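Given chain A, work out where chain B should sit, using these hints.
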Amino acid sequence: DAKTTQPTSMDCAEGRAANLPCNHSTISGNEYVYWYRQIHSQGPQYIIHGLKNNETNEMASLIITEDRKSSTLILPHATLRDTAVYYCIVRVGGANSGYALNFGKGTSLLVTP
Amino acid sequence: NAGVTQTPKFQVLKTGQSMTLQCAQDMNHNSMYWYRQDPGMGLRLIYYSASEGTTDKGEVPNGYNVSRLNKREFSLRLESAAPSQTSVYFCASTFELGDTEAFFGQGTRLTVV
Chain A
24 DAKTTQPTSM DCAEGRAANL PCNHSTISGN EYVYWYRQIH SQGPQYIIHG
74 LKNNETNEMA SLIITEDRKS STLILPHATL RDTAVYYCIV RVGGANSGYA
124 LNFGKGTSLL VTP
Chain B
63 NAGVTQTPKF QVLKTGQSMT LQCAQDMNHN SMYWYRQDPG MGLRLIYYSA
113 SEGTTDKGEV PNGYNVSRLN KREFSLRLES AAPSQTSVYF CASTFELGDT
163 EAFFGQGTRL TVV
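Quick note, the sequences are listed as chains A and B, same order. FYI, in our numbering the residues of the first sequence are 24 to 136. FYI, in our numbering the residues of the second sequence are 63 to 175.
Extracted from the complex, chain A is given alone in its bound form (with noise of 0.2 Å):
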């Protein structure tokens, strides 16, 4: 799995959009990019993965460069709720992936008031 470089963390004020950024300069042609968070004391939750084109959601947009070395996460309007922290994951999809989730650090993302 290629590696993924995330800021520890942001804050965000609510009612605003939240951008996360996502940095996967090793990415192959095959891996796509996965964004999963993580509320305090709960499971991890999926949110969104893309290849090439950028994705929307009910939850997010995902916005990933020409170049693919890079993605952004949108939340576009952040409640308190969003507070989390975000991974992002690149890996190959399917089966042919394996089986482990690589969750790394991610990004605290604080959200207020």
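In short, the hints are calculated from the structure, not lab data. As the structure is a computational prediction, the values presented were derived from the model and not from experiment. Yeah, the Cβ is synthetic: ideal placement off N, Cα and C, and Gly gets one too.
Computed cross-link-like contacts, DSSO-like style, restricted to lysine-lysine with a CA-CA straight-line distance of at most 27 Å:
1) B:71 with B:133
2) A:26 with A:128
3) A:128 with A:75
4) A:26 with B:119
5) B:71 with B:119
6) B:71 with A:128
7) B:119 with A:128
8) A:92 with A:26
9) A:75 with A:92
Examples of chain A residues lying across from chain B (beta carbon under 7 Å, computed):
10) 57
11) 65
12) 66
13) 67
14) 69
15) 123
16) 126
17) 127
Coordinates of chain B only, in the frame set by chain A:
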């Protein structure tokens, strides 16, 4: 729709005691996993089960055993608990092995004294 359910949520054991952590999923997933999460270490895979009737070791299997009782249930047993096994344990499931949209339980906080 319960998703992945773990029991118990909290447990304190004395060194040398045994216990079984229970996990059940109601999403008709084929694959299930047990992870442990320690401060500064991220999630580490203990054991996984690709499908009913099969189990395999993950990254940190020593001191643990597992049973895939049926398609829904995957239990983790500590035969002789040690303080080093103090951790938060998460069960997860995916439709197929290696699928990256994993669903996690709420965790079991285990303290071994």
